[in-house]
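Asks: Taking the hints into account, I'd like the entire structure generated from these sequences.
As you go down the protein sequences, you meet chains A and B in turn.
Going by numbering that gives the first Met the number 0, the first sequence opens with residue 0, and the numbers climb by one from there.
Going by numbering that gives the first Met the number 0, the second sequence opens with residue 0, and the numbers climb by one from there.
Watch out, some of these pointers could steer you wrong.
As the list makes no split between identical chains, a pair holds if one copy fits it or if it spans any two.
In silico DSBU-like pairs for lysine-lysine, Cα to Cα no more than 30 Å straight-line [what the hints assert, rightly or not]:
hint	residue 1	residue 2
1	K272	K293
2	K228	K293
3	K421	K272
4	K421	K293
5	K239	K293
No lab work stands behind these hints: they were computed from the structure.
2 protein chains.
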Amino acid sequence: MREPLHRLSAVQLAQLITAGEASPETVTRSFIDAIHERERDVQAFAWFDADRAIAAARELHLVARRGPLHGLPVAVKDNIDTADIATSYGSAIYVGHRPNADAACVAALKDAGAYVLGKTVSTELANFTPGPTRNPHNLAHTPGGSSSGSAAAVAAHFAPLAIGTQTAGSVIRPAAFCGVVGYKPSPRLIPRSGVKPNSDTLDEVGLFTRTVEDAAFAASVLAGKPAWKDLPAQAVRMNKAPAIGWVATSQRAAAAPSMLDALERAGLRLLQKGARRAEIVWPRVFDGLFDAQKTVQLFETARALAPEFIYRREQLSSRLIALIEEGRAVSAHDYVLSMQLGRACVAAIDSLFAEADVLLTPSAPGGAPVGLSSTGDPLFNRPWQLLGCPMVTLPVPASLGQAEGGLPLGITVVARPGDDAKMFGAAAWIEAHWAG
Amino acid sequence: MREPLHRLSAVQLAQLITAGEASPETVTRSFIDAIHERERDVQAFAWFDADRAIAAARELHLVARRGPLHGLPVAVKDNIDTADIATSYGSAIYVGHRPNADAACVAALKDAGAYVLGKTVSTELANFTPGPTRNPHNLAHTPGGSSSGSAAAVAAHFAPLAIGTQTAGSVIRPAAFCGVVGYKPSPRLIPRSGVKPNSDTLDEVGLFTRTVEDAAFAASVLAGKPAWKDLPAQAVRMNKAPAIGWVATSQRAAAAPSMLDALERAGLRLLQKGARRAEIVWPRVFDGLFDAQKTVQLFETARALAPEFIYRREQLSSRLIALIEEGRAVSAHDYVLSMQLGRACVAAIDSLFAEADVLLTPSAPGGAPVGLSSTGDPLFNRPWQLLGCPMVTLPVPASLGQAEGGLPLGITVVARPGDDAKMFGAAAWIEAHWAG
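Replies: In structure tokens:
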């Protein structure tokens with residue numbers, strides 16, 4: 000028996016639809032089956048309407064092919080505006096809010112033939128107060144955040160593709176905790192218009208998929224780079240082994256032994272498979288990036304959320320109020336110094352990468368923590384986010400390691416700012432070779 | 000007889016209100032008088048309601064002092080969200096649109112005690128299709144754009160202070176054309192949340208005032224930097240003469256003779272007054288910034304306005320449609336190269352500034368062009384915007400030069416990225432000394 004459609008990749012589904020071998024409606028019904036089976040447990044969606052999804056899929060069957068994503072359902076994080084669907088930003092303040100227009104990324108998806116299958120749970124205003132979503136691998140564990148629902152939806156096969164956002168580690172961390180691929184682009188490659196702002200320097204739109212090829216496929220549409228779609232397949236077919244280095248940063252002590260073991264094993268196995276080794280030394284000046292990213296995020300988020308803090312404080316969680324108050328107490332001087340450190344490290348990026356095309360580094364301290372009261376720690380994502388490095392987290396093959404309780408581990412493939420194309424090629428090669 | 004209140008600076012008005020020597024209502028009524036006298040000709044406002052303004056002023060008289068701007072009316076460009084006032088973004092698509100929340104900068108103004116006097120005319124979606132606003136100095140001339148109404152409102156004494164936005168030259172150019180002070184901060188110093196996005200890399204919130212001191216005063220609130228408020232007065236009192244250079248860039252040929260003469264005379268006069276001279280050579284690699292800024296703006300604007308272009312094209316002007324189509328045709332490769340050039344020049348900023356604290360450079364090719372069909376050319380603003388330099392345009396004293404027909408000329412004081420404080424001090428010293 001053939002695999003159910005909802006277990007296929009976005010690229011496979013797009014091919015079936017284009018070839019007329021599956022209709023958008025058949026594809027949609029398969030995902031709806033998966034949703035009906037597990038959504039009660041997983042709670043990935045803030046909004047989902049099966050009838051509307053089927054109607055959208057039917058309409059796409061009747062119209063001319065719009066673009067490469069024609070007929071594909073996409074799950075969209077609820078801090079991203081959709082004009083025809085309520086957008087609550089994960090906040091009591093915005094329950095039932097109907098934005099005036101789609102976000103630019105949503106319009107680009109629709110223009111390429113996709114439709115919005117559902118809105119996924121965001122933590123409160125994409126900060127740290129969790130929603131109800133659970134980790135599909137173990138319902139007692141957090142899926143991570145802030146893009147909790149998008150990560151869980153792709154992991155649970157509710158959608159082939161989901162959009163999320165990241166300010167510190169809100170794509171990479173939940174993707175790693177849920178055992179899927181997560182992509183955070185170089186700054187501004189995917190347009191942010193219509194995304195509820197937190198930290199203007201740091202916020203980015205990112206993607207959740209189950210393969211690197213799917214991430215490159217969707218990114219090619221969203222970033223307007225058609226050539227990216229073919230990079231993963233090319234890298235594997237032509238055996239383009241990258242030069243890799245691996246580094247646990249100066250915060251090595253914060254990583255679980257299982258993570259450090261997996262990182263070491265992954266590096267060694269990839270060398271056996273033909274990758275070139277790049278010796279990596281973490282430059283001392285980069286140590287400050289952890290605190291600097293946090294300072295920038297706090298300062299800017301406190302200002303971006305000033306309207307909510309000033310007018311509607313009674314509808315904010317006490318955790319978010321405390322975070323905004325912490326941000327308001329950050330001095331402008333510290334903020335400027337943090338921004339300057341970020342720029343200085345970007346200018347010195349070669350002192351870190353040296354001969355490496357990409358680096359491997361922990362996506363999180365370990366696997367998804369137990370409990371739903373915290374979405375975990377974005378510590379290991381902070382420096383890369385401030386640097387503006389593109390990154391993709393890959394689920395570590397079981398033969399290289401697992402977290403406690405058999406939960407997934409994620410390792411991030413990081414490239415220099417602007418090197419998204421190189422990153423996709425390297426990540427696809429790694430994905431194809433590190434399983435053993 | 001004392002000057003009417005609407006001719007006083009924001010700092011003076013704030014002092015009068017704090018001292019109880021003028022009520023917010025008296026202040027407001029003076030501005031309303033000016034508006035009633037000339038708004039029919041100038042057409043600075045997209046929305047204005049005298050009764051509501053008086054009610055807001057009265058309410059502020061009855062409550063405890065909220066902050067440094069208590070009781071001051073502020074004019075806000077109509078591409079900036081106000082929850083209680085329709086926000087049309089200068090577009091037929093958004094007529095009557097009511098945003099869900101105030102923009103962060105509006106919330107910060109209100110938190111400091113100011114109120115929104117009116118929404119000012121923006122060009123269509125803050126691009127190049129003009130609204131009805133006329134230049135208060137000569138109604139047959141453009142006020143510039145895209146912050147057309149904010150510049151004209153301050154020039155016509157309709158408000159002591161206005162907010163606008165700039166992607167290429169949308170603050171500096173209209174301020175120069177209207178003979179007022181315009182300030183564009185270092186990237187992200189004033190929060191952008193709630194401003195309709197165009198180019199995510201380039202968009203900034205800026206200010207229109209009639210003095211450098213007022214600009215620093217309002218910026219101190221909006222950027223959360225209380226110390227800035229005192230920099231202008233200190234620089235003058237302590238006679239902190241800056242090291243200045245002046246440069247017409249590689250586009251010197253595009254500047255009117257009156258502008259080049261004024262720039263030269265301004266530099267020489269400031270040296271006579273005690274400024275230190277910095278020899279400036281425009282580095283050849285910086286020539287590419289003009290095109291690079293345009294490429295970044297086109298590429299990003301086309302993507303940010305994708306929802307309007309895809310769903311509501313019939314409500315866009317043909318000029319904006321052509322601009323978006325031009326942006327959609329920009330290759331991702333050219334975009335990346337343009338971003339890289341920008342970063343490389345930022346890293347090499349000292350090769351331009353050398354010993355200078357600030358540079359003087361044309362705010363526009365000349366004075367405001369005749370006619371209302373174009374808002375003029377942002378050419379001379381493009382490189383600084385991509386570099387992320389803070390800048391303030393000052394109206395050139397008549398003794399240094401005027402444009403054709405006696406219209407104002409503006410010269411921009413530019414500092415290195417992040418040097419807004421140094422810029423305010425230098426600009427205040429220049430303003431105090433260059434009149435003769």
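Asks: So, against the hints stated earlier in the document, which numbers end up violated here?
Replies: 1 and 5
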